[in-house]
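Q: Can you make the complete structure from the sequences, with help from the hints?
Chains as they are written, first to last, in the working numbering: chain P, 1076 to 1423; chain G, 30 to 110.
No lab work stands behind these hints, which were simulated from the structure alone. Even glycine gets a Cβ: it sits at the ideal position worked out from N, Cα and C. Watch out, some of these pointers could steer you wrong.
Claimed, not checked - With a straight-line Cα cutoff of 25 Å, these simulated BS3-like cross-link-like pairs (lysine-lysine) come out:
(1) Lys-1085(P) to Lys-35(G)
(2) Lys-1374(P) to Lys-65(G)
(3) Lys-1180(P) to Lys-1416(P)
(4) Lys-1145(P) to Lys-1102(P)
(5) Lys-1180(P) to Lys-1410(P)
(6) Lys-1422(P) to Lys-1377(P)
Said to hold, decoys possible - To give a feel for the contact side, a few chain G residues facing chain P, derived at Cβ under 8 Å:
(7) Pro-52
(8) Val-53
(9) Ala-55
(10) Lys-92
(11) Cys-93
(12) Gly-94
(13) Thr-95
(14) Leu-107
Given next are the chains, with one letter for each unit.
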Amino acid sequence: METTEIMDGKNITLERAGEEDRTLIFKNDMCAVCGLCETICPVSAIEANPTGAMIRTEQDMSKIDIDVNKCVLCGMCSSICPFQALDLQINGDSIRELQYPQLIKSAEIDNEECIHCKACETACPQDAIIITRELPSRAELITGEIDIDKETCIYCGMCEEMCPVDAIDIEHQTPTSDNPVVATDINVSEDICVHCGICKRICPVDAIKQVCRICPYGEYEISEPEINGNSYIDPELCINCTWCQEICPVDAAKVTKPFEGELTIEQDTCQGCETCVMVCPCNVLSFPKSTKSGLNAEKLHKDERFCIYCGACQKSCPVDAINVKRTQINYTPTKSKAWKKAFESLKQ
Amino acid sequence: MTIGLKTYRELCHGCGNCVVSCPVNALRSEEVAGGKGPSDDVDIIMIVEDGAIQLKNVDLCGKCGTCVQSCPVNAITLEEF
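A: Shown next, in the form of structure tokens:
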């Protein structure tokens, strides 16, 4: 039973037929080059290439190398990968769906609580969230009256030009001897008009009458706007960084991280090369701007709320200024001592 | 497969961007961190010698790609060997 390797661009597939058909699939785009697969591999078949070089410079090679002669297709790399970049399939089924130990991680948005503000969609470092929403028409949120006196109107077009919502439409024409007028008609769409009053104020001949009813009568005529929407987190792209949970103004998002730990930065050693900032898949790190002239800002800023302790930053730092310590690995219970040992070996 | 620094001296303008942008160099030499070549014989990864880039201590390289990004003429790269 020989294992064969198939390269599809930078993606790697390892296959072995037998009593069970085992296939290991590596998706290069999903990989953050954190090196966890390299660390957990029991037969040292995986080599993760230099993180900074792989993320910041153009390379023809895959982010990791898998030695086809060493790999036993055990699936530990697939179980530990927090980015779903590796997947071992047994007879066509992913081990994430089978009774294999795996990381406990989740992310969900409660659609009942969600107000569809899109903050999570904007913040998500992996573009894993899609918020769709249907807003009411503007006309439903205003009330007023508008009327244009077509007899008085001189069809100068100023109202049409200034209307912020294009509610006014003039039928312009070039005057001819049999019809010597610059326009034939003017109409305002009451469904579009927001009763701002600009047309009335710009009109040089006072042909427009417009009143907003909110000022004299209040808002009682306007019903509560109905906003329908939906929230979706793509489970393949989500890396459980908790940005959605932390940025949500109504606590609609709940995230469970696969690892717990501690991230330490030695500010004096850091030279500000930005490698870690570019490498971090969770946008934990940033360079703060100085708030006052002459004031030294913190060199490298971290917000550990978003850190999943994958270790990609530590692996990428050329001056060893970053330390990632994993204190807890959240994985499903297993009786296998080998798997337990493998997961526990990632703690420091 | 290993990946490492490679230089193309014929392309190099000798601007020294790579030397001063390299975080390893900057940590090892205050002069380099301050934006100029070292005047002492401190061990750093690369220097500009005779008007072009010269690798000196590649074993110090953390392969972060900062020098590659700083080079205006692609005279320094991280490549497969």
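Q: Which earlier hints turn out false for this structure, listed by number in ascending order?
A: No hint contradicted; all consistent.
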